[in-house]
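J.: Given next are the chains, with one letter for each unit.
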Amino acid sequence: MVSISVTPFGPQHPSLLEPIHLKLKLEEEKVVGADIVIGYNHRGLERAMELDFKRNIYLSERVCGICSFHHSTTYVQAIEQMAGLEIPTRAKLIRNVMLELQRLTSHLLTLGHIAEVMGYENLFMQTWREREDVMCLIDRIAGNRVHYSMNTIGGIRKDVGYDTTKDVETTLDALLPKFEEIRSVFAKDATFAKRTKGVGVLSRNGAQKYGAVGPTARASDVPYDVRLSSYAGYGVEGIKFKPVHRDEGDCYARTMVRVDELFQSVDIIQQSLGLLRDEPVSVPMKGNPTGEAFSRVEAPRGELFYYVKAKGAVSLDRVKIRTPTFVNVQCLAEMVPNCSLADVPVITVSIDPCICCTDR
Amino acid sequence: MSMVSTVLKNLVSRPATLRYPSVPAKIPDSERGRIVYDMKKCIFCGLCERRCPTNAIKMDKGNKRQMVSRAKCIACGVCVESCPTDAISMRPEYSSPATSPEIHVYDAKLTTHQFTVLSLPTFERAKPEGPEVRAQVQPEPTTPKPPPEEVKRLGLDSLARDVMTKKVLTLFEDDSVRKAVQIMVTSQIDGLPIVDINMKVLGIVTGKDIARDAGRGKEGVLTFLFPRNGKRSDRVQEDRLRKTMDKPVYEIMTSPAITATEDTPLRDIVSLMDKHRFNRVPVVDVNGRVCGIITRADILRVIALSGVC
Numbered sequence: 001m002v003s004i005s006v007t008p009f010g011p012q013h014p015s016l017l018e019p020i021h022l023k024l025k026l027e028e029e030k031v032v033g034a035d036i037v038i039g040y041n042h043r044g045l046e047r048a049m050e051l052d053f054k055r056n057i058y059l060s061e062r063v064c065g066i067c068s069f070h071h072s073t074t075y076v077q078a079i080e081q082m083a084g085l086e087i088p089t090r091a092k093l094i095r096n097v098m099l100e101l102q103r104l105t106s107h108l109l110t111l112g113h114i115a116e117v118m119g120y121e122n123l124f125m126q127t128w129r130e131r132e133d134v135m136c137l138i139d140r141i142a143g144n145r146v147h148y149s150m151n152t153i154g155g156i157r158k159d160v161g162y163d164t165t166k167d168v169e170t171t172l173d174a175l176l177p178k179f180e181e182i183r184s185v186f187a188k189d190a191t192f193a194k195r196t197k198g199v200g201v202l203s204r205n206g207a208q209k210y211g212a213v214g215p216t217a218r219a220s221d222v223p224y225d226v227r228l229s230s231y232a233g234y235g236v237e238g239i240k241f242k243p244v245h246r247d248e249g250d251c252y253a254r255t256m257v258r259v260d261e262l263f264q265s266v267d268i269i270q271q272s273l274g275l276l277r278d279e280p281v282s283v284p285m286k287g288n289p290t291g292e293a294f295s296r297v298e299a300p301r302g303e304l305f306y307y308v309k310a311k312g313a314v315s316l317d318r319v320k321i322r323t324p325t326f327v328n329v330q331c332l333a334e335m336v337p338n339c340s341l342a343d344v345p346v347i348t349v350s351i352d353p354c355i356c357c358t359d360r
Numbered sequence: 001m002s003m004v005s006t007v008l009k010n011l012v013s014r015p016a017t018l019r020y021p022s023v024p025a026k027i028p029d030s031e032r033g034r035i036v037y038d039m040k041k042c043i044f045c046g047l048c049e050r051r052c053p054t055n056a057i058k059m060d061k062g063n064k065r066q067m068v069s070r071a072k073c074i075a076c077g078v079c080v081e082s083c084p085t086d087a088i089s090m091r092p093e094y095s096s097p098a099t100s101p102e103i104h105v106y107d108a109k110l111t112t113h114q115f116t117v118l119s120l121p122t123f124e125r126a127k128p129e130g131p132e133v134r135a136q137v138q139p140e141p142t143t144p145k146p147p148p149e150e151v152k153r154l155g156l157d158s159l160a161r162d163v164m165t166k167k168v169l170t171l172f173e174d175d176s177v178r179k180a181v182q183i184m185v186t187s188q189i190d191g192l193p194i195v196d197i198n199m200k201v202l203g204i205v206t207g208k209d210i211a212r213d214a215g216r217g218k219e220g221v222l223t224f225l226f227p228r229n230g231k232r233s234d235r236v237q238e239d240r241l242r243k244t245m246d247k248p249v250y251e252i253m254t255s256p257a258i259t260a261t262e263d264t265p266l267r268d269i270v271s272l273m274d275k276h277r278f279n280r281v282p283v284v285d286v287n288g289r290v291c292g293i294i295t296r297a298d299i300l301r302v303i304a305l306s307g308v309c
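Residue numbers (our numbering), protein chains in the order written: chain A, 1 to 360; chain B, 1 to 309.
Careful: at least some of the hints might be erroneous.
To be verified - With the Cβ distance kept under 10 Å, some of the chain B side facing chain A (calculated, not the full set):
#, residue
1, S2
2, T6
3, N10
4, P28
5, S30
6, E49
7, C52
Said to hold, decoys possible - Think about it this way: if two alpha-carbon atoms lie no more than 20 Å apart in a straight line, the pair counts; the simulated EDC-like pairs of lysine to aspartate or glutamate are:
#, chain 1, residue 1, chain 2, residue 2
8, B, K9, A, E180
9, A, K166, B, E31
10, B, K9, A, E181
11, A, K286, B, E31
12, A, K54, B, E49
13, B, K26, A, E132
14, A, K158, B, E31
15, A, K194, A, E116
16, B, K200, B, D174
17, A, K158, B, E81
18, A, K158, B, D86
19, B, K26, A, D139
20, A, K54, B, E81
21, B, K9, A, E121
22, B, K9, A, E132
23, B, K26, A, D163
24, A, K197, A, E334
25, A, K178, A, D167
I should point out that these hints are in silico values taken from the structure, not numbers from a laboratory.
Please read all numbers here as calculations on a predicted model, not as lab measurements.
C-beta: ideal position from N, C-alpha, C; glycine also.
Using the sequences provided together with the hints, build the complete structure.
T.: See below:
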């Protein structure tokens with residue numbers, strides 16, 4: 001009879017970038033269960049968002065640093081919906097480009113992080129080197145590497161010029177062969193396969209039971225992608241894409257879904273740039289919002305959800321944010337049992353937890 | 001391509017990183033670094049102050065100055081867009097590190113794009129450094145002066161600078177009374193000097209001021225202390241208290257405050273406090289900024305240390 005011991009994993013742990021606490025129940029080396037504790041990073045942003053609906057455009061970006069544009073897009077979409085604004089196609093397509101560029105940076109960050117947690121530092125450095133090119137490109141377009149401040153209620157604040165779109169095209173053309181290299185390493189490397197294949201399996205039923213979203217769900221054969229609901233520019237005539245999905249449900253599948261989404265993102269950006277026509281990029285908004293609205297966006301980690309209730313004044317009644325990690329982190333309870341203690345960091349990182357978003 | 005060939009390729013290629021700061025960083029022209037004012041164009045309409053999402057800009061129309069708090073500014077560029085005369089522009093640069101929150105003061109008297117740096121005191125640093133004009137492009141390095149280390153025997157002839165509490169907690173004039181109460185309760189003090197953005201003392205708020213304002217009604221001060229029985233009366237009291245809490249402190253502060261300089265002997269301060277029935281006297285330096293405070297507790301400490309009793 002082996003006794004069960006409880007070992008803490010986090011909130012401070014070398015493999016974690018942000019505080020999350022797992023109480024692991026161990027039978028010797030084998031994990032038999034886990035309790036998940038979140039809330040170490042709470043900053044009261046939902047309450048701060050009730051103060052002024054215009055300042056929220058900039059505040060919502062600060063919920064998270066690696067999906068800032070997704071957050072501000074979700075927020076302004078909710079306000080636009082209340083005000084009944086139809087934003088110009090050019091603004092929609094520019095939003096598309098920025099959303100997908102940020103997905104590139106976020107996925108490259110995660111891929112590097114997974115490699116680093118396994119101790120594969122070469123791969124980590126290689127992915128982050130390519131990420132830097134995307135970050136510099138964003139810096140040239142938006143004027144900042146992290147907080148773009150490009151969104152406004154009714155469109156985009158500043159139009160992007162011809163030089164910029166040309167710059168995006170040339171940079172992405174140069175990046176594609178580098179992404180191919182990364183894909184071949186992730187797909188063929190024996191070390192990587194040994195650490196990830198069959199580890200942390202989330203079955204299709206499990207993913208549906210916990211309501212998993214994003215790459216975590218798509219790796220478990222749930223082809224669910226909010227982009228299919230045609231927000232921003234994804235519904236514009238001429239943009240075609242199919243959600244990437246795999247059916248293994250293990251860490252390897254989750255990683256490979258992200259690798260394949262790199263190419264999908266580049267493809268969507270190229271399609272969007274080809275459809276740009278000369279027209280204004282914003283429509284003015286008059287008065288204060290009234291009523292209530294919700295809006296959804298496919299952030300790099302999955303479905304991001306904002307609910308906004310307004311009262312016809314500058315201040316709002318309620319802003320509710322549900323982030324993708326909030327649901328994905330619960331899937332860990334399904335993934336970690338029957339794996340060894342040494343695999344827990346890889347499994348945790350493979351769902352790409354963003355605690356900063358989750359605790360708000 | 002396998003990892004081995006990538007590693008070999010990286011071995012012979014040049015590093016992907018730059019040796020910043022010895023090599024200048026590649027900052028694109030569109031980078032949002034920090035905002036600069038052209039005060040010749042500024043018409044003091046106040047749009048930038050009102051539109052700023054983080055309240056980083058403060059306008060001083062009387063002295064023809066614009067003050068930008070660098071720690072609050074998020075460089076979003078809303079002020080640049082809203083300015084009707086294009087007086088504000090964005091500079092691409094990385095911000096240099098600072099030891100305390102800085103305020104950039106743009107004055108109509110200075111030349112275009114030049115500014116004065118005003119360092120706000122942190123809680124640890126009681127004495128703010130004097131205003132220092134520096135060129136816009138290359139800031140001059142400043143060397144901190146070591147504090148003089150002398151042990152002085154304390155007595156009634158000691159100077160205010162030796163006796164005063166240097167960690168003085170202050171509030172700005174437009175902070176709420178609620179904030180004052182929070183600070184008083186958490187720091188266990190009874191009064192706070194109120195300062196303007198230049199750290200000049202405008203007045204003092206004490207527990208008495210707050211109680212007087214909250215209790216002031218038709219029946220006078222006593223209603224606060226001895227409320228009448230009955231639910232309606234309680235509700236009125238609560239409303240009055242809430243209203244007081246939401247007021248800015250300048251509405252209830254005792255003003256003007258009597259201050260002492262650093263060189264005032266303790267004897268004079270004691271007689272001042274005795275005459276006016278004060279409990280605390282803020283101490284200001286030669287530039288008129290608050291640098292300390294002398295309370296009754298400080299005087300008791302002097303008495304205990306000097307061996308008078």
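J.: Now tell me if each hint is right for this structure.
T.: Quick rundown of the hints versus the structure:
no., hint, result
1, S2, "7 Å, holds"
2, T6, "6 Å, holds"
3, N10, "8 Å, holds"
4, P28, "4 Å, holds"
5, S30, "5 Å, holds"
6, E49, "14 Å, violated"
7, C52, "9 Å, holds"
8, B:K9 with A:E180, "16 Å, holds"
9, A:K166 with B:E31, "18 Å, holds"
10, B:K9 with A:E181, "13 Å, holds"
11, A:K286 with B:E31, "30 Å, violated"
12, A:K54 with B:E49, "15 Å, holds"
13, B:K26 with A:E132, "13 Å, holds"
14, A:K158 with B:E31, "13 Å, holds"
15, A:K194 with A:E116, "15 Å, holds"
16, B:K200 with B:D174, "14 Å, holds"
17, A:K158 with B:E81, "10 Å, holds"
18, A:K158 with B:D86, "16 Å, holds"
19, B:K26 with A:D139, "11 Å, holds"
20, A:K54 with B:E81, "15 Å, holds"
21, B:K9 with A:E121, "16 Å, holds"
22, B:K9 with A:E132, "19 Å, holds"
23, B:K26 with A:D163, "18 Å, holds"
24, A:K197 with A:E334, "16 Å, holds"
25, A:K178 with A:D167, "17 Å, holds"
Checked against the numbered hints listed earlier, the structure breaks hints 6, 11; every other hint is satisfied.
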